[in-house]
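Using the hints provided, position chains B, W and F relative to the given structure of chain Z.
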Amino acid sequence: MQPLDQTVLATAPPVPRRSALAEGALSRWRAPLSILALLSLPFLLPSQALAVNVLIYGLYAVGYNLLYGYTGLLSFGHAAFFGTGAYVTGIAIGTYGLQPLAAMGLAVAAAGVLALAIGAVSIRSRGIYFAMVTLALAQLVYYAALQASGWTGGENGLRGFTVARMGFGPVAFDILNPLTKYFVVLAFVGAALMMISRILASPFGAVIEAIRENETRARACGIDVERTKLLAFVLSGLFCGLAGALFAIHLSIVPLDSLAYHTSGMAVVMTLVGGAGTFFGPFVGALAVLVLEDALSLWTPHWQLALGTVFILFVLFLPRGLWGSALTRLAALRGGP
Amino acid sequence: MTGPVLQVENLGRRFGAFTALEGISATLGRERITAVIGPNGAGKSTFFNLLSGVLKPTSGSLRFGDQDLARLPQARFAHLGIARSFQITTVFPRLTAHENVRTALQARANRYDFWSRRDRLAGHSDRADALLESVGLASRRSRPAAALAHGEQRALEIAIALAADPKLLLLDEPTAGMGPEETKAMVALLHRLSDARAILLVEHKMKMILGLSQRILVLHHGRLIADGSPAEIQADREVRRVYLGQSSGYGHA
Amino acid sequence: MDWGSLDLELIAMQLFSGVALGAVFVMLALGLSIIFGMLGIVNFAHGNVFMVGAYAGVFVMERTGSFWAALLLGPLLVGALGLLVERFLIRPLAGRPPDDALLLTFGLGYVLVEGVRILFGSDGLPFATPEELSGVADLGVGFFPIYRIFVIGVVALVLVTLWVGLERTKLGLIVRAGARDPEILRVLGVDIEHLWLWVFGLGIALAALGGVLAAPMRSVNPEMGNVVLGEAFAVTVIGGMGSLLGSVVAGLLVGIVVSMTALLAPEMASIAMFAFMALVLLIRPQGLFGKPGFGV
Amino acid sequence: MGQGTLSRRTLVAGMAVAGALGGIGRARPAGAAETIRIGFPTPVTGPFGAEAKDQVRSAELAIKQFNDAGGLDGRIAELLVRDDKLNPGEAATRTLELIEKDRAHFIVGALSSAVQLSVNEITRSRKVLYVSISQSDTINEAKDFSRTTFHEALNPHMTTAAVAKHTFKKGVKVAYLVADYAYGHEMLRGFKRAAAAIGAETAGEILHPFGAADYSTFMPRLRSMRPDILCICNFGRDQANSIKQANDFGLKKVARIVVPVLLHNQRLAAGPDAFEGVVGASNYYWRLEDTVPSAKAFNDAFRAAYGGAVPTDYGAYGYAAVRSLLMALKAAGSTDTGKVVDALETLKYDVAKGPEHYRACDHQAVQSVLVIEAKRKSEMASEADLFKILEVEPGSEAALRSCDELGHRA
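Protein chains in written order, with numbering that gives the first Met the number 0: chain Z, 0 to 336; chain B, 0 to 252; chain W, 0 to 295; chain F, 0 to 409.
Next comes chain Z alone, as it looks inside the complex (with noise of 0.2 Å):
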């Protein structure tokens, strides 16, 4: 009989130069640092469309990373709490004539449940198995979606909640100007990071990568891995279904797309191109990812192409992703070789 996971050392990247834990001198002020960033980023695209993308992909990345990158729970159905988020806010508004703001909360919640029970289901199964099994559940909701058209529009998608101004108490914004749709969208997404931030440099934040770093310890420390996962589970599902809120606030419709495999497997792509169990690197992998995709389909329809062959690069040399390699040769250049 030998310990039940003897991989985690197996494969470890033989000796690391700096400790893997998400904290240090850079990381109290990575969230106001990251919103200044992002405060650039409108004046640089070449639209403000793609800029409130890359702020939502980048957020839901972001939701995402806490999953991956933080807790090393590989999931490929985050689509389901994207698009919950999407369809809760557009059926909250459309539908029952929610005020923008409530039908945002209703929606995070929404996810916050769905994944709850996607979680229920799919965390007491380990590694890759996981994977699948995410993906399958997540498949099961997009079916849903579909059947249930009355509420969804089906395949058509949800329309006829164009949100025109957006309140907050006494103030409201015409967030059918592009700009100020910008920020309003990102004053969300900068309390997300905020909180986000502030989660994983909370003892939360220290017991998940513990989990991600050796589960076979983290359990005999003390550690109730599966509730644990669950929570980390729930947290990520929590912000992707914000992504998906104002994904739905963005675009006044939400496509079935939404919810496909797709759509979970951007989440991936993204934080891996950035750079996973980094802050700041889903947003960097959104950014990159949307640009690519922006610029390749203008040129060429095989897009899909460059698309993938960038993505096996990057897992076969340059794991790190983009953000994350960098972070890791400025630590070099300030610690000395």
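It should be emphasised that the hints constitute simulated quantities derived from the structure, not laboratory data.
This one's a predicted model, so the numbers in the text were calculated from it and none came from an experiment.
Ideal placement from N, C-alpha and C gives every residue a C-beta, glycine not left out.
No incorrect hints appear here.
Taking CB as the label site, the calculated pair distances span:
#: 1; chain 1: Z; residue 1: 169; chain 2: W; residue 2: 264; range: 48 to 56 Å
#: 2; chain 1: F; residue 1: 375; chain 2: Z; residue 2: 308; range: 41 to 49 Å
#: 3; chain 1: F; residue 1: 225; chain 2: W; residue 2: 131; range: 26 to 34 Å
#: 4; chain 1: Z; residue 1: 32; chain 2: B; residue 2: 210; range: 55 to 63 Å
#: 5; chain 1: F; residue 1: 192; chain 2: W; residue 2: 83; range: 51 to 59 Å
#: 6; chain 1: B; residue 1: 24; chain 2: W; residue 2: 39; range: 36 to 44 Å
#: 7; chain 1: B; residue 1: 113; chain 2: Z; residue 2: 325; range: 25 to 33 Å
#: 8; chain 1: Z; residue 1: 325; chain 2: W; residue 2: 263; range: 50 to 58 Å
Counterexamples of contact, computed for chain F against chain Z with all Cβ distances above 10 Å:
#: 9; residue: 168
#: 10; residue: 377
#: 11; residue: 389
Then chains B, W and F, alone, in the frame of chain Z:
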């Protein structure tokens, strides 16, 4: 030794048709250091896994103080004061030595705290340093665990286990893979640690066990065939037959 | 719904449809399971390999005019491609977390789809049922396409061959031992890398064979693998990861569940499979025939 | 294949140029000679790439003819093609970019029902004129309609009525296999309404999941209904797959297979054997040139521009939509949205298939519907000789659902 004792009664574990362990009864934790020995495949690891909650028994009972452990999730074992190390070094390889211990402390104290700043939690950092000091790793504080020497990693794993403030420390081959120097240091460490808590260990190095432990349990084919002081065990005919008498020692499968 | 026509004959026919559908699932799940069992990785490009298999079938058929050549050479061609993938993409990942190989195959899926679009266009291609296998046969309870009976037969043949190969040959013994514990093979001095290469190729060829078999039943297009991936996963999860018997039983079972749902509540046919999977997971997290280690 | 590659290259180059011009257009101050920019989201990538390519080529042709004829008092028009990837979210983003960044004056395009509705959702809240060229009943309804929404394509109500009129007879038993989503339900509704009027009977109906690959599980049940006509209400791949599998189960031998819409490129992809004898509707088939002069003119211009190729159904949509929009521009004498809407509402045009106009209440293009039958392989005179035209149902407002039924207030 004033801590609660671990009461094992008729403990057994089957894997499908295969019986790994059967009918083990013993009261553990009164002696400073107790060793579990037996040839490979005797059921030592299964026994340890049952005592630490990694596996659940298929028969028999397991009590710690007045707490029934048989159906308790593994995580609760650490909270009750039973901590363990593994045969294969099991630390957080990419964290520094200090972080390793601090993480274990946090795991114990504030598991579901989403809001405090972990690096500012009162006492954790100092306590981690004290634990590192106690296993002789103070100078390795800021090194990633994976960069430590093998013996140091074993010591670190013990420091992590100590973070749970255990009343009973289960160590699975603490000197596995160590050279004579490292082994000597580890033996000294175990002596020191047993001042404050009971230690139960699985070991292969017979000479070391005879000198170190007050009590020895011998497992063979999933059964407890002997239980007594080192002198009693050395004299036991059954033990000599299955174990000590063999020139190849414990190397056979 | 017209319940009047719900007679025994119809149910028998429906069962038969389910078995024919399940036969394709079996091919997909077997390939996934064999690769997982030996290499410990999940092939996320598996659905797309199925699609490439169908195209390889079209390719061979166009050049030779023979369906039999397509059935034989198509999977071999794709299997050879699988060998290259293992050697040059998967093997460099040895020693890395198993997630990495999964992610790599996910990226490979995009490349395969787009590659096929470039080579064969994005519209899809016709693949006619071979002359000698077209038409319907009277099964006594009703008419059933001869080609689907043929598919069930081919899958049964592949299963028997695999079974004999695994149970009666030395290689089979090694593969079975390796699936249980790869370390044993190292101790025994087996060249495990070599073994991985061929096992990966075999898993890929099986998926491709599924693709060739499915081609005359469905239209051949670059997206045909996308839906299939989720289905293959559901079947493998139900059967139990790494269990070959589980793949076979679950494949047929899922085929029948889908087919019966199609009869009773057709619009639920897509959901049925995944709901069934969720149910199995709740009751038996490791799947029907899975080893507990993967699940609990 | 060679020709396909060539035209794809042209298409890609065209898109690149369009993109570059879009960038310039933003920097240039609005002046008298400002280019008229028409945004054109279409699924260049994905399963309907071939249809999209035809849409783009025909739209480009309409633009070229407009510019060659002097444009709008010297102002030339350009087409800003964007890949919507057949994804409504992507389409919404591209449309926002076209409006906000590229300052497109008008939007034309879309191929799938969902994409069209999402584009419309963006344009109507920003009061931008949009001419849709994707088939759907939904966009006619008051809920999705707006003053700036126009629909050049046919809708399921029109196609099913025409097909039913030609194939259904009194007392005939019809079985329906229906894709379970809005478009499928619209087709079923259309057929059943026509069947009721004609006196055809329903033998049964089966809903199948949208995007299903295997239809075998529905076939025994369909067979047991013993229909005279099997009516398959789905689209694209679903249609090709289900027709193929209906053949496998021998259904074609016992029943006639009828579909709402037969697509040129889908027929090419599935091959002649599967589709042989299947009857369906179309907005356009190039052999219309034998009887309709404007079709001849369109085909000739298309052949001249694209190396002898003939335009397809979706190509004709792209052409008619852009042509009609440009004609209204000329009539309005301005790019002002309100004025162009007024002009489109009163426009009568005949650019490819005989007279057409947009109905006042829902801006649906009133146009003829072709009922066609797929030829068997031995009957085909050339690669492009795919269909027989059985009937040309002339356009009439009576063939549309009434304004009342759609929820438009009089």
